[in-house]
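Undergrad: Letter by letter, the chains look like this.
There are 2 protein chains.
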Amino acid sequence: MENEPLLMLPGPVPMPERVRYAMMQQAMNHRSAAFGAVYADCVKTLKTTFGTTNDLSILSGSGTAAMEAAVANFGKGKQIASLVNGKFGDRLCKIGALYGTSHEIASEWGTPLNLDLLAENLENGAEVVTLVHNETSAGIKNPAAEVGKLTRKHDALFIMDGITSIGGDLVEADRWGVDVAMVGSQKCLAAPAGLAAISVSERAWERIADQRPFYLDLAAYRKNAAKTPMETPYTPAVPLFLALREACAIVEEEGLTHRIARHTRMADAVRAAVKAWGLTLFPTLDQYHAYSNTATAVSIPDGMTDDDLRGPVKKMGIIIAGGQDHLKGKIFRIGTMGAVSAPEILATLAAVQYALKKHGLEVGDGVGAAAEVLG
Amino acid sequence: MENEPLLMLPGPVPMPERVRYAMMQQAMNHRSAAFGAVYADCVKTLKTTFGTTNDLSILSGSGTAAMEAAVANFGKGKQIASLVNGKFGDRLCKIGALYGTSHEIASEWGTPLNLDLLAENLENGAEVVTLVHNETSAGIKNPAAEVGKLTRKHDALFIMDGITSIGGDLVEADRWGVDVAMVGSQKCLAAPAGLAAISVSERAWERIADQRPFYLDLAAYRKNAAKTPMETPYTPAVPLFLALREACAIVEEEGLTHRIARHTRMADAVRAAVKAWGLTLFPTLDQYHAYSNTATAVSIPDGMTDDDLRGPVKKMGIIIAGGQDHLKGKIFRIGTMGAVSAPEILATLAAVQYALKKHGLEVGDGVGAAAEVLG
Chain E
1 MENEPLLMLP GPVPMPERVR YAMMQQAMNH RSAAFGAVYA DCVKTLKTTF
51 GTTNDLSILS GSGTAAMEAA VANFGKGKQI ASLVNGKFGD RLCKIGALYG
101 TSHEIASEWG TPLNLDLLAE NLENGAEVVT LVHNETSAGI KNPAAEVGKL
151 TRKHDALFIM DGITSIGGDL VEADRWGVDV AMVGSQKCLA APAGLAAISV
201 SERAWERIAD QRPFYLDLAA YRKNAAKTPM ETPYTPAVPL FLALREACAI
251 VEEEGLTHRI ARHTRMADAV RAAVKAWGLT LFPTLDQYHA YSNTATAVSI
301 PDGMTDDDLR GPVKKMGIII AGGQDHLKGK IFRIGTMGAV SAPEILATLA
351 AVQYALKKHG LEVGDGVGAA AEVLG
Chain V
1 MENEPLLMLP GPVPMPERVR YAMMQQAMNH RSAAFGAVYA DCVKTLKTTF
51 GTTNDLSILS GSGTAAMEAA VANFGKGKQI ASLVNGKFGD RLCKIGALYG
101 TSHEIASEWG TPLNLDLLAE NLENGAEVVT LVHNETSAGI KNPAAEVGKL
151 TRKHDALFIM DGITSIGGDL VEADRWGVDV AMVGSQKCLA APAGLAAISV
201 SERAWERIAD QRPFYLDLAA YRKNAAKTPM ETPYTPAVPL FLALREACAI
251 VEEEGLTHRI ARHTRMADAV RAAVKAWGLT LFPTLDQYHA YSNTATAVSI
301 PDGMTDDDLR GPVKKMGIII AGGQDHLKGK IFRIGTMGAV SAPEILATLA
351 AVQYALKKHG LEVGDGVGAA AEVLG
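Keeping their order, the protein sequence lines are chains E and V. If you read the first sequence in UniProt numbering, its first letter stands for residue 1, the second for the next number, and so on. If you read the second sequence in UniProt numbering, its first letter stands for residue 1, the second for the next number, and so on.
Isolated chain E, as found in the complex (with noise of 0.2 Å):
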């Protein structure tokens, strides 16, 4: 729509208009059984999602204050090793080091995750791993259950970033060992930004630190979400939790494996597309390594700068992302997150293949073949 452009970003992403419009209601007293009812609404949820039977708390605050609360509380003063094959694990790593020892396994972004230097890093008393699961800078998702196996077997803690996967893409927190994982709201769930949920496992509250940060305290979370009614310990901030339960409750009616399949069945498309144009997905994968199911990371053609890919199509109405760092101008990125479906998986690719040809290159018909996957 003309003056509301389409985010295809790997968030945050366009929300339903009842998603929108919960946040209109009027101020909420939050230590209240009304406030109590939608803050446990969305816990319900939020955990079919993570796969979790953990407690789970809502932080008033970005997916990155969920990564520092994780390390904060179950990383300070301890050995942790970080994988990084992108610039949100390269974050993770470097939070690591404020509160804790941080080892990093590096890889470049976008190549397979070092195993056998984890298992290595394990052996010599890392106590604390961390992951991000689907890394969206790359384009790639990285293989949390066989970190959490690792893990586990030298009893160490796992905290996955899961920020842009839960809600969009399968997510075992139990099942694969993971203590402590993290959404964002503006993500997969097609919340606005502004909200992280965090869960945390047993055996993880065992080892909290002493010392811990004051807005970030999970055990303060704790205490207040055992409460009845249901309280965060500093003002949460009502309207967004009010979308959240909108949201929520849109998860649940879709169903979350239909919803995988959506997700999947996206990115399909894209991927399809990408194939078409006889272009190149950015990661380099193994046996353990996928590619991302809620963004797509595409290497920008030869000759091409990011300005020829994403101006005609920014230009058009749809916003789609580049490079971060140092992949600025070599690649491109489409999300495939939350809401969205295929008019405007459509739509992006129909303005990404015009500025593919817009700029000369004899590209094959990535849309007609997305079609064919999404029809």
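For the record, the hints were derived by calculation from the structure and aren't laboratory data. Take these hints with a grain of salt, some might be off.
Intra- or inter-copy, both count: the list cannot distinguish identical chains.
Straight-line Cα separation of at most 25 Å, BS3-like style, residue types lysine-lysine; simulated pairs [claimed, not checked]:
no., residue 1, residue 2
1, Lys227, Lys94
2, Lys275, Lys227
3, Lys94, Lys76
4, Lys358, Lys330
5, Lys227, Lys315
6, Lys328, Lys87
7, Lys330, Lys47
8, Lys149, Lys357
9, Lys227, Lys47
10, Lys314, Lys227
11, Lys227, Lys87
12, Lys94, Lys223
13, Lys227, Lys330
14, Lys87, Lys315
15, Lys328, Lys227
16, Lys314, Lys330
17, Lys76, Lys357
18, Lys87, Lys223
19, Lys223, Lys328
Given chain E's structure and the hints, the job is docking chain V onto it.
TA: Below, chain V alone, put in the same frame as chain E:
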């Protein structure tokens, strides 16, 4: 309105329709000119309400997040003199102890602060002073200008929590020598809960801690706010920014001077009612301290319980606050913050008067006395 309780708390407070409706907008890319303009509009008005020309950032978090940001960035490893005469002063003191060496200068809640002891602390090397300007837990307004004078005299940093005064009462951060000041969105600004703004003076920037938290790293906020368009370091709670911009537009339209006069008049009206009822305002004052103009604390008459007082008021759909912690059952509190005006004050006082009479007290016509002030 039925099913929409009237919140007469010291925050959150009812929001004007314009503010609530601003949140309906479709998701926005937060790295865009459109978001940068929203952020810039908010900052411009907020600087006026703070009485500052210093840098000002907006955090996606509650007032408590801003309190922690202030102390963590500027008090780490320092000698901190914490002035305490209420719950929020106590909170700042506790945060101080997490990051530095905290020296509590405690008075009974709702009684004057000990400025002589502050002077002594400063002479003995205190490097940072923390103060809650408007202590809603006890209904007392603390002497920020005096504290600022003492603090500057000893070249210490002055952190002032203006969470419940800024936008509703006179704050002159620069003139008072405040180095770091904070406000919460859901108080006198009548915006939704979930944002906090923080201003930082040049002399504070020069003394910023080397090791800072990640999500609350104020240097990262400053760096990103200096970009064109303005940005935040991590994903901001965009709908709350849209609402805050609308709330700021309302402040501009009303004019800050008129807005402060309106808040004072509302508090005067509540105080006139208390006097007519023969009840007692909770705080004890001296020449430096004053009654809060945004939250009036009243002692509950002997023989009445909190429920006797607030129960009948709540039954009529009006939510006023009780006492916190050890003041539970001892006081009740009426907020006069934000966008509320004569109708809400009259309704609230009429409901309280009803509760007093229902309990068998022969009280004077507080409602009439308040109407005389408001009329």
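Undergrad: The structure should be examined with respect to each hint, and the outcome stated for every one.
TA: Evaluated hints:
1. Proximity of Lys227 and Lys94 under a CA criterion of 25 Å is satisfied inter-copy only: 23 Å between copies versus 35 Å inside one chain copy.
2. In this assembly of identical chains, Lys275 and Lys227 lie within 25 Å of each other by CA distance neither inside one copy nor across copies; the values are 53 Å within and 37 Å between.
3. In this assembly of identical chains, Lys94 and Lys76 lie within 25 Å of each other by CA distance both inside one copy and across copies; the values are 13 Å within and 19 Å between.
4. In this homomeric assembly, Lys358 and Lys330 come within 25 Å of each other (Cα to Cα) only inside a single copy, at 19 Å, whereas the closest approach across copies is 74 Å.
5. When the C-alpha separation of Lys227 and Lys315 is checked against a cutoff of 25 Å, the pair qualifies only between copies, where the shortest distance is 23 Å, while the shortest distance within a copy is 51 Å.
6. With identical chains, the CA atoms of Lys328 and Lys87 are at most 25 Å apart within one copy only, with a shortest distance of 12 Å there and 48 Å across copies.
7. When the C-alpha separation of Lys330 and Lys47 is checked against a cutoff of 25 Å, the pair qualifies neither within a copy, at 37 Å, nor between copies, at 40 Å.
8. Proximity of Lys149 to Lys357 under the C-alpha cut-off of 25 Å is found in neither arrangement, the shortest distances being 47 Å within a copy and 67 Å between copies.
9. In this assembly of identical chains, Lys227 and Lys47 lie within 25 Å of each other by CA distance solely inside one copy; the values are 18 Å within and 38 Å between copies.
10. Taking the shortest Cα distances, Lys314 and Lys227 sit within 25 Å of each other only across copies (21 Å), while inside one copy they are farther apart (48 Å).
11. Taking the shortest Cα distances, Lys227 and Lys87 sit within 25 Å of each other only across copies (21 Å), while inside one copy they are farther apart (38 Å).
12. Proximity of Lys94 to Lys223 under the C-alpha cut-off of 25 Å is restricted to the inter-copy arrangement: shortest distance 18 Å between copies versus 29 Å within a copy.
13. Taking the shortest alpha-carbon separations for Lys227 and Lys330, only the inter-copy value of 23 Å comes in at or below 25 Å, while the best intra-copy value is 50 Å.
14. For the identical chains of this complex, Lys87 and Lys315 are neighbours neither inside a copy (27 Å) nor across copies (53 Å), given an alpha-carbon limit of 25 Å.
15. Taking identical chains as interchangeable, the C-alpha atoms of Lys328 and Lys227 lie at most 25 Å apart only when they sit on different chains, with a minimum of 18 Å there against 47 Å within one chain.
16. Taking the shortest alpha-carbon separations for Lys314 and Lys330, only the intra-copy value of 18 Å comes in at or below 25 Å, while the best inter-copy value is 60 Å.
17. In this assembly of identical chains, the alpha carbons of Lys76 and Lys357 never lie at most 25 Å apart, being 52 Å within a copy and 56 Å across copies at closest.
18. Taking identical chains as interchangeable, the C-alpha atoms of Lys87 and Lys223 lie at most 25 Å apart only when they sit on different chains, with a minimum of 19 Å there against 33 Å within one chain.
19. Only between protomers do Lys223 and Lys328 lie at most 25 Å apart by alpha-carbon distance; the minimum there is 20 Å, versus 44 Å within a single protomer.
In this structure, the earlier hints numbered 2, 7, 8, 14, 17 are contradicted, and the remaining ones agree with it.
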